[in-house]
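Q: The chain contents come next:
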Amino acid sequence: MASIPRIEMRDIKKSFGKIQSLRGVNLELYPGEVLGLVGDNGAGKSTLMKVLSGVHIPDSGTMKFEGQPIQLNSPKDAKKHQIETIFQDLALCDTLDVASNLYLGREPVHFFNQLIDQKKMHEQAKTELDRLGVTIPSTYVTVENLSGGQRQSVAIARAVIYSPKVLIMDEPTAALGVKEVRMVLELIQRVKRTGVSVILITHRLRDLFEVCDRITVLYEGRIIDNRPISDFTMESLVASITAENEEVHS
Amino acid sequence: MIGLKQEAAPRKGYSSGKQTHDPLQHWIAKNKQIVGIFSVLVVLSLYFSLFSNAFATTGNVLNLLQQLAANLIVCVAMTLVITTSGIDLSVGSILSLASALIAVLLKAGLTSFEAFLVVLLVGAVVGLVNGVVIAYLRIPPFIVTLASMIYIQGLALLITGGYSISINGSAWLNAIGQGRFLNIPVAALIALFVVVFGWVVLTQTKFGTYIIGIGSNEESVRRAGVAIKKIKMLTYMFSGIAASFAGIVLATRLGSGSSNVGTGFEMDVIAAVVLGGTSLFGGIGTMLGSVFGVFLIGVIDNGLTLMNVSPYIIQIVQGTVLLVAVIVNTYFFSGRGVKRK
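Residue numbers (full-length UniProt numbering), protein chains in the order written: chain A, 1 to 250; chain B, 1 to 341.
It cannot be assumed that every hint is accurate.
[Stated by the list, open to error] Listed below are the simulated DSS-like cross-link pairs for lysine-lysine, each with C-alpha atoms no more than 30 Å apart in a straight line:
no., chain 1, residue 1, chain 2, residue 2
1, A, 192, A, 120
2, A, 18, B, 32
3, B, 107, A, 119
4, B, 107, B, 229
5, B, 230, A, 76
6, A, 120, B, 107
7, A, 64, A, 13
8, A, 179, A, 64
9, A, 119, A, 64
10, A, 80, B, 30
11, B, 32, A, 13
12, B, 30, B, 229
13, A, 80, A, 179
14, A, 13, B, 30
15, A, 64, A, 80
16, A, 13, B, 229
17, B, 107, A, 165
18, B, 229, A, 119
19, A, 120, A, 13
[Claimed, not checked] Computed far set for chain A versus chain B, every beta-carbon distance over 12 Å:
no., residue
20, 5
21, 74
22, 89
23, 91
24, 97
25, 106
26, 144
27, 175
28, 176
29, 205
30, 219
31, 229
Simulated from the structure, these hints should not be mistaken for laboratory data. For every residue, glycine included, the Cβ atom is placed at its ideal position computed from N, Cα and C.
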C-alpha cells in the first residue's frame, strides 16, 4: 500500500440538527482495494458514503482524490471523479424502462442532440447487461415490473458501466436470494481486478470475508477499528462492531 | 466501459444476444388506459351518431375541433406538469388574463404582433414565477398555483373592469381563432402541432425522461446529476405560455377578450388529463391519452347538447364519467393508481 490513496478523507464531520452523524472520520481507500465498512445501525456508514458520493456536503473536513484536494458539492461532482454509488434504496425510477434507468442523466442523443437515440440506448443497455451476466426479459420493461434481484442488478449495472474508479455499494445484497448474492460478490471481485476501489457496506458479515481486503468499523460517528481482513475472525469482528474493546477471543 | 474479460459463457437460463422488441406489444402493455378511453370514445361517438342527426356531420366535427383547440393546447402542458407529480391550477386564470390583455393592448394601439408577443411573455412570466416558487422555494404546487389562480384572476378583472372588450386585430391574428385552412380550423391545426410537439418532448427527449423520472422518484433523478429544479421550473413556464396562447386562441375565436372566459377551465383540463391515464401521483404521463380525454369530455358535451339534454344534466354526466373512469383505471387497467410510494 505504498501508492497514493485513491481517496483520502480527513476529519469529516456532519450533523443533522442536533444529531451528530459523523464526528471526525478519517478514511483511506487504495486502488484495487475492497474495503468493508461496517457498524451498527445509525453508526454513520450511509452518511459517510453519501458525503463521498456528493449527496451530503460535510460540515467540515477535507477530501483528496489521488492526492488532489477535491470538493464534492453535488452527485455530479462525484461522478466527474468517477465515484459511482449504488444506494441502498437503489434510486431507480419505477415508471421508466430499464434502459432509461441505466443511462439516466447520460442518455445517448441524436438529431442535433435534441432527441434520445432510443435504438442505440437499448442496444447498449442490452450489451452491457449481457456482459455482466444480468438477466432481464427486455430493456423496454419498466423497472416496477422487475423482481428485487433484477432491480438490484440494474442498479449495479448502472454504476459499473461508467468504468468507475471508486464504486460504493450500500447493502447491495440485503434483499437478494442466494444465487443473486453470488452474482454480486463475483461482480465485486471482477471489478476489483480491473483496479477499481470498492467500498462495501453490508450487514452480511460472511460476504466481507469473501471479498474484502480491509475492514473499517464505525461506531457512533467515529472509526474505532481499521485492520486487514486477515486480522479478523467472525467473533472478533462482531466484538469490534458492538464496541467491546476488550479482546473476547481467548 | 470497464473492460471486464468475458469469463466463461453466460450461465444457463441467462438470455443473451438479441432481445425481441415488439413496440406495439410494449405500448399496449404500458397504455391499457388509452385503449380503454379510446374504446369509450368510439362507443359514445357511435351512440351520438345514431341518436342525433347533427353529430356526425363535417360541420359539427370541425366546429368541435375548433372549440377544443384551446383545451388541447393547455392539456399538453398540464400532462407534463402532472407527470412531474405537480399540478397547475392557474391555467384558467392565465387564459382569462391573456384573453383580456390582448383585447386591452390592441385597444391601446399596439400592433397585433406586439400584443401577441406581450401576452405570451406575460404568460411565460407568470409560469416562471410559479416554477421558481415551486422548484426553488419548494412550496407545494397546489398552493402556489392556487394563489396565482386568484391573483391572476384579479389582475384580469382589474384591466378589463369586468367588461368584455372587442378585438380589432390584423387578419392573421383573427385567423388563429377563426381561420380555416383547407376547411380545417387553423386553431385545430395549431393544437395538433402542439400535441405532436408535447408528445416528442415527453417520449423522445431527455427533458421528457426527466419529467417522468421526477414524478417517479425525484431523488433518484437528482442523484443522477440532473438539474431537477430547472426542469420543474421550465415545465411550469411552458404551462404559462401554453395557457396564454390558448387565451389568444379563445379570444380571437370569440372576437372579444373577457376576464372570465377561463373560469373553471383548469378543472376541465385536469379532468381530461386524468381521464387519459396520466397519474396524479406522477411518473406516468401520456399525451395521446390526454387528447382522448379532452375529446371524451368535449364529445359528451357536444353530443348531449345536440340531443337537447339540459346542460345541468350534461355536467352530472361528465363528473360521473370522470369518477368511473378513474376507478376503472386504478383497479382494472394499471394497478398503479393505488399508491406505490
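Q: Work down the list of hints and note, for each, if the structure agrees.
A: Cross-check of the supplied hints:
A hinted pair counts as satisfied when its Cα atoms are at most 30 Å apart, and residue 192/A with residue 120/A qualifies at roughly 28 Å. For the given pair, residue 18/A sits about 49 Å from residue 32/B by alpha-carbon distance, which is inconsistent with the 30 Å threshold. For the hint linking residue 107/B to residue 119/A, the alpha-carbon distance of about 53 Å lies beyond 30 Å, and the restraint is violated. A threshold of 30 Å between alpha carbons decides the hint, and for residue 107/B with residue 229/B the separation of about 39 Å lies outside it, so the pair is violated.
Among the hinted pairs, residue 230/B with residue 76/A is consistent with the structure: their alpha-carbon atoms are about 15 Å apart, no more than 30 Å. With a C-alpha separation of about 54 Å, the suggested pair residue 120/A and residue 107/B falls outside the 30 Å cut-off, and the hint is violated. Taking the CA atoms of residue 64/A and residue 13/A, the gap is near 15 Å; set against the 30 Å cutoff, the hint holds. A hinted pair counts as satisfied when its Cα atoms are at most 30 Å apart, and residue 179/A with residue 64/A does not qualify at roughly 37 Å.
Taken as a hint, the residue 119/A and residue 64/A pair is broken in the structure, with Cα atoms around 39 Å apart against an allowance of 30 Å. Taking the CA atoms of residue 80/A and residue 30/B, the gap is near 35 Å; set against the 30 Å cutoff, the hint is violated. Taking the CA atoms of residue 32/B and residue 13/A, the gap is near 51 Å; set against the 30 Å cutoff, the hint is violated. Restraint check for residue 30/B and residue 229/B: satisfied, since their Cα atoms lie roughly 28 Å apart, inside the 30 Å limit.
With a C-alpha separation of about 33 Å, the suggested pairing of residue 80/A with residue 179/A is violated against the 30 Å cut-off. For the given pair, residue 13/A sits about 46 Å from residue 30/B by alpha-carbon distance, which is inconsistent with the 30 Å threshold. Among the hinted pairs, residue 64/A with residue 80/A is consistent with the structure: their alpha-carbon atoms are about 14 Å apart, no more than 30 Å. With a C-alpha separation of about 28 Å, the suggested pairing of residue 13/A with residue 229/B holds against the 30 Å cut-off.
Straight-line distance between C-alpha atoms of residue 107/B and residue 165/A comes to about 66 Å, which puts the hinted pair past the 30 Å bound. A distance of roughly 29 Å separates the Cα atoms of residue 229/B and residue 119/A; the hinted pair therefore holds under the 30 Å criterion. Taking the CA atoms of residue 120/A and residue 13/A, the gap is about 43 Å. The hint is violated against a cut of 30 Å. Non-interface call for residue 5/A relative to chain B: holds, since the shortest CB-CB distance, roughly 21 Å, exceeds 12 Å.
With 12 Å as the threshold on Cβ separation, the claim that residue 74/A sits away from chain B is violated: the shortest Cβ distance comes to roughly 7 Å. Its closest Cβ contact with chain B, about 8 Å, brings residue 89/A to no more than 12 Å, contrary to its assignment away from the interface. A cut-off of 12 Å between C-beta atoms contradicts the statement that residue 91/A is not in contact with chain B; the least separation is 4 Å. For residue 97/A, the shortest C-beta to C-beta distance to chain B comes to about 8 Å, within the 12 Å cut-off, and the non-interface label is violated.
At roughly 8 Å from the closest C-beta of chain B, the C-beta of residue 106/A falls inside 12 Å, breaking its exclusion from the interface. Chain B draws residue 144/A into its interface by the beta-carbon criterion, the shortest separation being 7 Å against a cut-off of 12 Å. Under the 12 Å C-beta cut-off, the non-interface status given to residue 175/A relative to chain B holds; the minimum distance is some 17 Å. With 12 Å as the threshold on Cβ separation, the claim that residue 176/A sits away from chain B holds: the shortest Cβ distance comes to roughly 16 Å.
Annotated as non-interface, residue 205/A keeps its C-beta farther than 12 Å from every C-beta of chain B; the closest such distance is 27 Å. Listed as outside the interface, residue 219/A is consistent with that label: its C-beta sits roughly 27 Å from the nearest C-beta of chain B, beyond the 12 Å cut-off. Once the 12 Å rule is applied to beta carbons, residue 229/A is consistent with being away from chain B; the minimum gap is 23 Å.
Checked against the numbered hints above, the structure breaks hints 2, 3, 4, 6, 8, 9, 10, 11, 13, 14, 17, 19, 21, 22, 23, 24, 25, 26 and satisfies the rest.
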